[in-house]
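One line per chain: the protein sequences are A and B, in this order.
FYI, in the numbering used here the residues of the first sequence are 1 to 159.
FYI, in the numbering used here the residues of the second sequence are 1001 to 1779.
If you're looking for bench data, these hints aren't it; they were derived computationally from the structure.
None of the values given here were measured: they were computed from a predicted structure.
Careful: at least some of the hints might be erroneous.
[Stated by the list, open to error] Here are the in silico distance ranges between beta carbons for each label pair:
id: 1; chain 1: A; residue 1: D80; chain 2: B; residue 2: P1241; range: 18 to 24 angstroms
id: 2; chain 1: B; residue 1: P1540; chain 2: A; residue 2: S64; range: 49 to 55 angstroms
id: 3; chain 1: B; residue 1: R1619; chain 2: A; residue 2: Q68; range: 54 to 60 angstroms
id: 4; chain 1: B; residue 1: R1322; chain 2: A; residue 2: S9; range: 29 to 35 angstroms
id: 5; chain 1: B; residue 1: M1252; chain 2: A; residue 2: Q59; range: 24 to 30 angstroms
id: 6; chain 1: A; residue 1: Q59; chain 2: B; residue 2: H1666; range: 31 to 37 angstroms
id: 7; chain 1: A; residue 1: R115; chain 2: B; residue 2: I1460; range: 47 to 53 angstroms
id: 8; chain 1: A; residue 1: T116; chain 2: B; residue 2: S1337; range: 46 to 52 angstroms
id: 9; chain 1: B; residue 1: E1124; chain 2: A; residue 2: Q68; range: 35 to 41 angstroms
id: 10; chain 1: A; residue 1: E153; chain 2: B; residue 2: P1173; range: 52 to 58 angstroms
id: 11; chain 1: B; residue 1: A1492; chain 2: A; residue 2: G150; range: 54 to 60 angstroms
id: 12; chain 1: A; residue 1: R115; chain 2: B; residue 2: G1291; range: 50 to 56 angstroms
id: 13; chain 1: B; residue 1: G1626; chain 2: A; residue 2: Q68; range: 48 to 54 angstroms
The beta carbon of each residue, even a glycine, is placed where N, CA and C say it ideally should be.
Residue strings, one per chain:
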Amino acid sequence: MRLNVNGRSHDLGDIDPTTPLLWVLRDTLGLVGTKYGCGIGACSACTVHVNGTPVQSCQLPVQSLEGQEITTIEGLAGADGTLHPVQQAWIDEDVAQCGYCQAGQIMSAVALLERTPQPTETDIENAMSRHLCRCGTYNRIRKAIRVAAGMIEKTGSEA
Amino acid sequence: MSDNGNGATTVDVYLPEYLRRTAAGLRETALSRRRFIKISGFVGGGLVLGFSLGANRAAAQHNGHGAHASGDVRFAPNAYVQITPDGTVVLYAKNPDVGQGVKTALPMIVAEELDADWSRVRVEQAPISMELYGPQFAGGSMSVPMNYDTLRRAGAVARAMLVAAAAERLGVPADELTTDAGHVVHAASGRRLGYGELAEAAAALPVPDPSSVALKDRKDFKLLGKRVTGVDNVKVVTGQPMFGIDQRVPGMVYASYTKAPAIGARAVSANLDHVKSLPGVRDAFLIAPKGNAIEFNPSSDAVLSGVAIIADSTWAALKAKRELEVEWDESNASRDSWSAAVAEAKRLAEAAPQATLRDTGDVDAAFANADRTVEAFYTYPYVAHADLEPQNCTVWCKSDGSAEIWAPTQTPQAAVEAVAAFLGVSQSAVTLHQLRGGGGFGRRLANDSVVEAAAISKRIGAPVKVQWTREDDFAFDYYRPGGFHAFKAAIADGKLTAWQDHFITFTRGGPMPVTSANLSPDEFPANKVSNARIVQSMLPSKIPTGPWRAPGSNALAFAIQCFLHECAVAAGRDHVEFLLEVMAMTPPPRPAAGPGPGGRPGGMGMPGLNPQRAAGVIRLVAEKAGWGRTLPEGRGLGLAFHFSHGGHFAEVAEVSVDANRKVTVHKVWVAGDIGPIVNLSGAENQVQGSVVDGFSTAMGLEITFEKGRVEQRNFDRYPLLRMSQAPEVEVHFVESDYPPTGVGEPALPPAAPAICNAIHAATGHRVRTLPLTREGFAV
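Produce the complete structure using the sequences and hints provided.
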């Protein structure tokens, strides 16, 4: 089967169709930014976008994804390397401690801001509370999302 | 929190032993190779490792990376600094980073004294080398206090050599030169020379004695104390490979390893033929147990019995694991039951104690003369580390007997020692590549996953990544031990006149508690109150235990700071005033009998509990939180203080509880004194995370056992706190002039008792059992 990831089509050959997307990304395609945390859809460290919607890749058998557009943390930045405002805000606000959950957090934050460019605190909590951060960086994640929303608004008004 | 009376604090019990062993290794290396490494004595009978920076040749060789062959001259005066002619400054971060931020903080210390331009600094993870770097580990919040002076001198030595090279080039005296952002400056003539331009000349100069170089005054610091973002932030937000789990080696295969549900059981047989027939599976076999893997020991080469499945991908290994059926021999396995332990502890608390750890003053007389006595029984559970990156390790045992390891370990040198012992080869035959850990919290101090991977790689003769599932990670951990305290206190004239604690803990059967399950006879406030008695009884257990973020302190602070609040309430006193009064009490002398059962070796040069510093943070946090203000019905403020790892921390929580016992922690104020701050951004992040971790753990986390089996196997039954439940955390640092200490751990212990004391203020309900869900609270 073939899989579209970050704008590229990959031939997966005769891969076990039950393989969760998470392990296809990590082991088959070498895109290791997407993380394994629990395998039961409880921590969301494995979050990627399927057609722009954040999903838990540990819960998605790859056979269900042919013809879908998958975006991972490696595909967020522009072709010229320009970081997404959410990525930039995560750097500027120094969000990460161990950093393990942050790719998943960023994917959900990006989807949130695409849907709701100026989120309320409740919007942020609803979008982000399916993620676990063992280091407890929630204060900074919240702030970075607000900062990113500000960057996006500024860019939009200048455009 | 305790003070052994000679000014040195006690620290985590595992560290002195670990460092003693590490130091012995260092001494042997230093003497045998006649390098200029010295070991100096440490205050309090422990050890500090002040090795000199004179191993220039080795450092240059290490830092050169073959560059000399191409004629690219680099200035590498020691193992921490390398400057290339284009002005790039490479600084080597010696210790593992598992989220505590030392890969940024430690190089900042070098850069400050070097006067490097931080925007042109590149930080590299240092190789593992006792000879070049001394002990390399992430534990005990020790990275900053153990390395601060050495790293400053590493930077200052490099700076002095660059200045000397510039003086020669410019033909002016060195004392007319200053440095600024990667340049040597001659102000009188307005000339500036970049460090890159001076690198070749500096490399030819003799390396000065590090103890002779001048260090900056703190007021002249340009980088330390500022907010500096993490050096790996770009990698984190773009998903680049950096963690142990991300490692890929050519020819690598993937493995799962299945251990017994009952801790310590032995695999007798398994349906290996069936498993080997499954798609993508290359092999499956039993691994024989070796040594005692139940005891926490970073250097242990022990392996638990289990079944390895070797496959072409992680998924193939994990899918096959689901079809694995194993017959276990449980004759020597744990039969522990948490519910039985709770019942037995309550019985023991009523009986005569098995040992007396402290009996100072006249406790019985104080109780006889008391206006009031207060009694309470406190319980806290076992908890898991639950690092978000499940344990994993990649090892390649090669045919020539050597081995290569890629590991996200907190104790890389111990990992090398363990694997060398397991394979029966010298440590020089084992190379370890230090990778970032997706959380540590003490779990990655143990190298059980590393030895496991070595055992599997040795068997198959190929590089293998062994990946634990989340269920594996919960089912075998060196857990934070549970414990019980039967307290009794005397109040007379509104003052605390006697303190008694009957501590119920766990043992393997001998006179010592299991790892991280001990109580110091000097634990606050026994070391302050005139009449104090600490007694102990123990329950047998086969559950593995080990250090968990702020070992000992993480649980003791809950019990002690909550019971102290009970005493303040019983005395009719304001909590802040009562706590300050206890802190100011003069400690009674204690017979110098050395640490008895449960006593902790102390010292290691860390600052001890200082009543003035403690009072400073208690007053500061009370002021910041608006202590004493009127709050609406159902809302309250709670206070707690704890000293550990050289850090003084006081915290106030504002909490409300609704009619359904739903707890909301609105905000937590923190005041900390860890001396001067190295990286303000990192330090603040650690404190915020510690408070969230403290609340998360107190709110709903527990590991329970029945028949030796852990009952929580994934996050569905181990509900870590989520964003919507997390409080805002406001952090204040005193920035005193005491030597800087670490901040990965000491902000955690006061969080739980501050929140529980606030629940009492809000509702009148006294929390005496954790997690809070056990008392009917929800979040």
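Which numbered hints fail: Failing hints: none at all.
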